[in-house]
Amino acid sequence: MRYVIIGNCIAAAGAVEGIRSADQKGEITIIDGEKRGCYTRPLISYLLAGSKPSSLLYYRPEEFFAQQQARVIAGRAVRIDPAEGQVVLEDGRSVDYDRLLLATGASPVIPGLPGIEQPWVKTLYTWKDAEEIEALIEAGGTAVVLGSGLIGIKAAEALHQRNMKVVIVEKQEQILPRLLSPWSATAATRHLEEQGIQVLTGREAMSITEQHQVELDNGVKIPAQLVIVAVGTRPNQALARDAGLETGQGIIVNRHLQTSNPNIWAAGDVIETRNILSGTAEVMALLPLAHLEGYLAGCNMAGKSANYPGGIFLNAVHFMGMHIIAAGDPNSSGTVLNWQEGQSSLELTIDGEYLVRYISINIPGITGPLTAITEKQMKIAAGEWQEFIKQPSIANLPAAYLAETRRWEDDGSLRCG
Amino acid sequence: MTLSMLTPAFTVGRNEERCIRCGVCVNQCINEVHHLDEDGFMWVTDKNCVGCHRCAVLCPTQALAITEFPLAFRPNNYWSSASLREIYAQAETGGVLLTGMGNPRPYRSYFDHLLLNASQVTNPSIDPLREPMELTTYLGNQAAMLGEREKPLLKLEVPVMFSAMSYGAVSLNVQKSLARAAREMATFWNTGEGGLHSDLKEYADSTIVQVASGRFGVTPDYLNNAAAVEIKIGQGAKPGIGGHLPAEKVSADVAKTRMIPAWSDAISPAPHHDIYSIEDLAQLIETLKVATNYQKPVSVKVAAVHNISAIASGMVRAGADIVAIDGFRGATGAAPMRIRDNIGIPIEMAIAQVDQRLRDEGIRQSVSLVAAGGIRNSADVVKILALGADAVYIGTAALIALGCHLCQTCFTGRCNWGIATTDRQLSKRLNPEIGAIRAINLLKAWEHEIKEMMGGMGINAVDSLRGNRLMLKGIGLEQHELELLGVTAAGD
Amino acid sequence: MLKLEGDIRIPSGCAIAAVMNRSAERFDGHTIIASIATMHKRSNGLGGGFAAYGIYPEYRDYYALHVFYDDDGARQMCERYLQHHFRIKDREPVPVRRTRKITDAPLIWRYFAVPREDRLYREQLGEEDFVARVMMTINSDLRGAFVASSGKDMAAFKGVGYPEDIGEFFRLEEYQAYLWTAHGRFPTNTPGWWGGAHPFTLLNWSVVHNGEISSYSTNRRYLEMYGYKISLQTDTEVIAYAFDFLMRQQGLSLEDTIDVIAAPFWSNLEQEKQAHLRRKYAGLLLNGPFSIIVATNNGLMAVNDRIKLRPLVAATRDEFLYVASEESAIRAVAPVLDRVWSPGGGEPIIGLLYNKKGLLEASPVGLQTDAQSA
Amino acid sequence: MKVQNNSEYCLGCGLCQVYCAAAHDGYNGNVIKAFKKGTPQARAGLIKKNHESWINTCRHCQDAPCINACITGALQKDEKGTVFIDSQRCVGCFTCVMVCPFGHIQPSRDSSRAIKCDLCRGLSGTPACVAFCPNGALRLAEEVDRP
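Residue numbers (our numbering), protein chains in the order written: chain A, 907 to 1323; chain B, 1134 to 1625; chain C, 6 to 379; chain D, 709 to 855.
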């Protein structure tokens, strides 16, 4: 059996593990378009900040692929020929497959602003991006970050650590709009500002000038040695579309992560995933999901049937000593319960018997169970949350949750390695 | 009274260089000796300390030292500090002094005045690691002639049984520990007079059930979930008085097992109100034999008192298959101190006298003698067997194996070791799996030591130790004491 | 002052030997003397003795009472007592040979007698119980008198000295017997006492014994429950009484008796009966190292303790059965043998005369059910 | 393998945490040194609730969500199935904390990295919590594969 994986990333690593869990012999080939090995994108801001050596960027070390007997080819795939079972690379080589996984990921969205093509306007998405930004860093200079999503915030932190003055420009009325509620965003904004980062919300960049200025919608011009564009990403589905696979916002897959072509699977940021809470298919570019999807796709490719239930939005981010973890449906509505003590806070959104969203700031320890309660849609009586929110701790978690975790252990639904 | 003259008995010293403020002492002391305040300051309330060592034993850094409270009374050989403190306590409370465990007074211990023999040259000692060494012991009436049907007997692989300690006086986990150990070691444990908890029915073949004056929990089912039935007339710690399990120890589970209302005092009358004389005992023995279809030996337990030989003889003639005698060192969960400390006689004397008396009367074969009360180690076992006992009961030693530190405050129900309590939170401190292992280890160790001592004597069956008084020599004893014990002096 | 045997318990090492002709053909004492003399080093000159069976055929119906006296006063006192209880057919000093090796000999007399009918009637005892009771009383109560043996057609010859010298002293070469046992003693206390030498006897039973019974006190206190008066403080005495109690009083077979005194280990018990025996007679388990030869008129039994802590060898040649502590003692008198073996612990050697069925049946004592009430 | 609670016999004394902290704090299990000189932190929380107590220890899940979620590859599983954190690789993002359904994984006291039970991997013998539990309330359980 010949397995081919396009993309050498989190999902690819997961897929290798998944395939090998069922098939020790099959031939695995990974087509590494970035030619950088399997590294973790969220870590490049640490590289930029200078807080981690580049060796730590690798998600899986090179030996990993050797041990798993997976061949890594440096080269970009330009075409898939499903009829022939072939992937064609940009240098003309072709690779034959029996089973193919598309793990082509996503790319940053570049808004059509005037001046966006200036060489000091960058995205921070790849290792190469980080290296290019490195050359532009100027201590004491100003960096403007467009967008306050995870990438924007982490970029702002890295540049701030490199002694640049940082200004974040966010189109929405709050920062981290996909992650935080207005209430919690206020605390995060205050924290950024206390650390010396300027945050401009409800503002949009209108143009970038050659004179190193970013002009906002209110006419203010911010001088900038460096601009980071971090306004979102979108799936790389060109290959799939060209090969005639069904696509939407991302590649459409079934619960086995199989595309419309039975010999082709897809995983990671490139696919549409079922949002457990809303029940709809969405692009959920989340690292934990990428690994799991890759793993399950690998299992299915190797003939071990594995269902993918989908996921929920969840994210953990920390910057400048603040730890934010949030999960659930950002568009949910329901009763909101709040707890706050000093720099820590917790916000729960309860919809009937279900917890549909939580946002925690500086109280990470409690979040694992909350994620599980949200994701597994455990029924919890509202009164229990009222008790819990008085003093959030593991011991104070609703009894139904504790009973449920005991059940996992007792009935074997959770197995130890 | 606002002023108490009772100064603390102990003082708790904390080595600050070692204390890591982990709080184990705080959460383990039910008497609230230790307190850690929000500023990380440790407070100690000495007067609450009973000297049970729970905190010191669990302290991960050995930061705690418990010593006698250093407050000296002017030396007085007659009015001891204990005497004074007892009077202060009574002057404050107007009550009977209550205490727990056995008689601690410095009366002569005959065990400590007896020496054992060993073989030298004229015959070989036997190495128990290389040769078989038999401790198998049968208890009961063994007078049946060959060819006749034997009376029901108890078979022990080690001649040490666990004394009667009732559920209520001790925690269920104590009974579980001892029951498992008894089964594992092929010996017996005794329910005491608190009934048989349903969790323990699986140990029926290793169980002796007690019928005492309170008749707690006694049903046909109870009698038949046992290998033997024991009528308790008295116990060494408090001869002549009954028992009183205070209401606060009568939890719902205890109450169910005893078949009494929860949270009510469980009173065992001083006498059995159907036994006012020996012929009444004969009737109760017969009744119990009938109730158990003559399938189980009936034991009768009495405290060792002044005319024990005559009492024992009467009990045998009344049909007792086993006579258990509890000496004045026998322990209890609660007893008036004056009674515990002043009534009864030593078990060594009692066994020596009873064994000889029964032999003189020609009825020794009809009964087995079990010695109880103050058996501390395997040498005590060997000595009491050589004096004439068939087996022993151990209570205090068993509890010490489980963690008891002899603080003598069992009657409070606040036992930090989870032993003399029925409080659920305290009881769980004794995990019966561990308790069983500790009790088993104790019996195994004693078994091994008994075998070593027997081997030294050139004996390879416990039958040949029983009553073998030539293996004993008295040291530091008066002639009349030697005669009463039936031994000669060391060097004689 | 050193205490005598009887006042104090004296452990000892020993040699034992026995020779028997299973056709009941009699032979003189040379053989047994030669056999026991071979094991000279196993004794120390402080005790030796012999039992001989079949030596008084002319007095077959009389109890042959061999008695030691300290002096003539003791003799007169004892004889008055004997006459009170017995009809004495004949009495005489036992003929001895004065040698330099044997000193301090007591007066030694023998009597051939039967119990007086009137005494028997008055005591309501069986004949054997009566005889046994009288002998025990003499031994325990009559100062200066000691009954060395009291069986029929047998006698014990014993004293202080090496066994071969005792044999010479008693002129054993002049006696004819079909069964001889012998004993050489190595006591660990100096003053020998003639009464303390082996064999120890009770009626027709004689016991020679090598070893020390560690269970002595247990066994003794057990026997005392049944009226035995233990006067000598020797293990041998206890062994003899144990046999008497088990076989005569309790009616046990020889096999059952051996299952009591050298009981199989619990783990090796095969029958429920053996377990019952062990339980009921636990106090008569002879514990500690021993080898013993128990003889009576129709044969002998030799056995070791159950873990064989003392030597014991047996051999046969034609009609002869030999038993001894060492094989050399057998080879010395019978160089050519049909079979030689060393029995295991608790495994008895039983030698019976050809025309006899069991050891007990030939005993003049027999089971006396009518005497049990005594 | 995993450490299993027998909360029926858990006293809530907290010695498991003391010894866990000492075992992982670089002083070779020396409690006094670890607590006096180091910054000891137990890997598993002791939970007390309504007279019941237990330690919230790692189940070492077969399909461990924390491993799936770890962005750096710091969370790994060794050949015995023990899930552990390579603290050199951990950046303290706490994604693992977020996805552990038991709430076992916790931030280190300085929030620089995540910490969790590693069954005292690398130390000899039994995990410290099991070895030092005074009442046998913890045991090291081999997972039996259920049908």
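Keep in mind that the hints were calculated from the coordinates and are not lab data. Keep in mind that the hints are not guaranteed to be accurate.
As the list claims (entries may be wrong) - Non-contacting residues of chain B with respect to chain C, defined by C-beta distances greater than 10 Å in every case (computed): (1) Ile-1153; (2) Asp-1172; (3) Pro-1193; (4) Leu-1231; (5) Ser-1242; (6) Thr-1255; (7) Asn-1256; (8) Pro-1257; (9) Pro-1404; (10) Arg-1571; (11) Leu-1598; (12) Arg-1602; (13) Met-1604; (14) Leu-1615.
Unchecked claim - Chain D residues, not near chain A, derived (Cβ > 12 Å throughout): (15) Asp-733; (16) Lys-745; (17) Cys-808; (18) Gly-811; (19) Ala-822; (20) Gly-833.
What the hints assert, rightly or not - Simulated coverage check for chain D against chain A, where a stretch passes if three residues somewhere in it have a Cβ under 8 Å from a Cβ of chain A: (21) 734-742; (22) 751-763; (23) 792-804.
Built from N, CA and C at the ideal position, the CB exists for glycine as well.
Against the structure, the hints come out as follows:
1. Ile-1153: Non-interface label stands for Ile-1153 (chain B): nearest chain C Cβ at 54 Å, farther than 10 Å.
2. Asp-1172: 67 Å, holds
3. Pro-1193: Non-interface label stands for Pro-1193 (chain B): nearest chain C Cβ at 47 Å, farther than 10 Å.
4. Leu-1231: 43 Å, holds
5. Ser-1242: 23 Å, holds
6. Thr-1255: 4 Å, violated
7. Asn-1256: 4 Å, violated
8. Pro-1257: 6 Å, violated
9. Pro-1404: With a cut-off of 10 Å, Pro-1404 (chain B) remains clear of chain C, as the shortest Cβ separation is near 33 Å.
10. Arg-1571: 28 Å, holds
11. Leu-1598: 7 Å, violated
12. Arg-1602: Violated, since 5 Å does not exceed 10 Å.
13. Met-1604: 7 Å, violated
14. Leu-1615: 15 Å, holds
15. Asp-733: Asp-733 (chain D) clear of chain A: closest Cβ-Cβ about 19 Å, beyond 12 Å.
16. Lys-745: The claim stands: Lys-745 (chain D) keeps its Cβ more than 12 Å from every Cβ of chain A (closest is about 25 Å).
17. Cys-808: 4 Å, violated
18. Gly-811: 4 Å, violated
19. Ala-822: Violated, since 9 Å does not exceed 12 Å.
20. Gly-833: 19 Å, holds
21. 734-742: violated (count 0)
22. 751-763: holds (count 4)
23. 792-804: With 7 residues close enough to chain A, the hint holds.
Hint compliance for this structure: hints 6, 7, 8, 11, 12, 13, 17, 18, 19, 21 are broken, all remaining hints hold.
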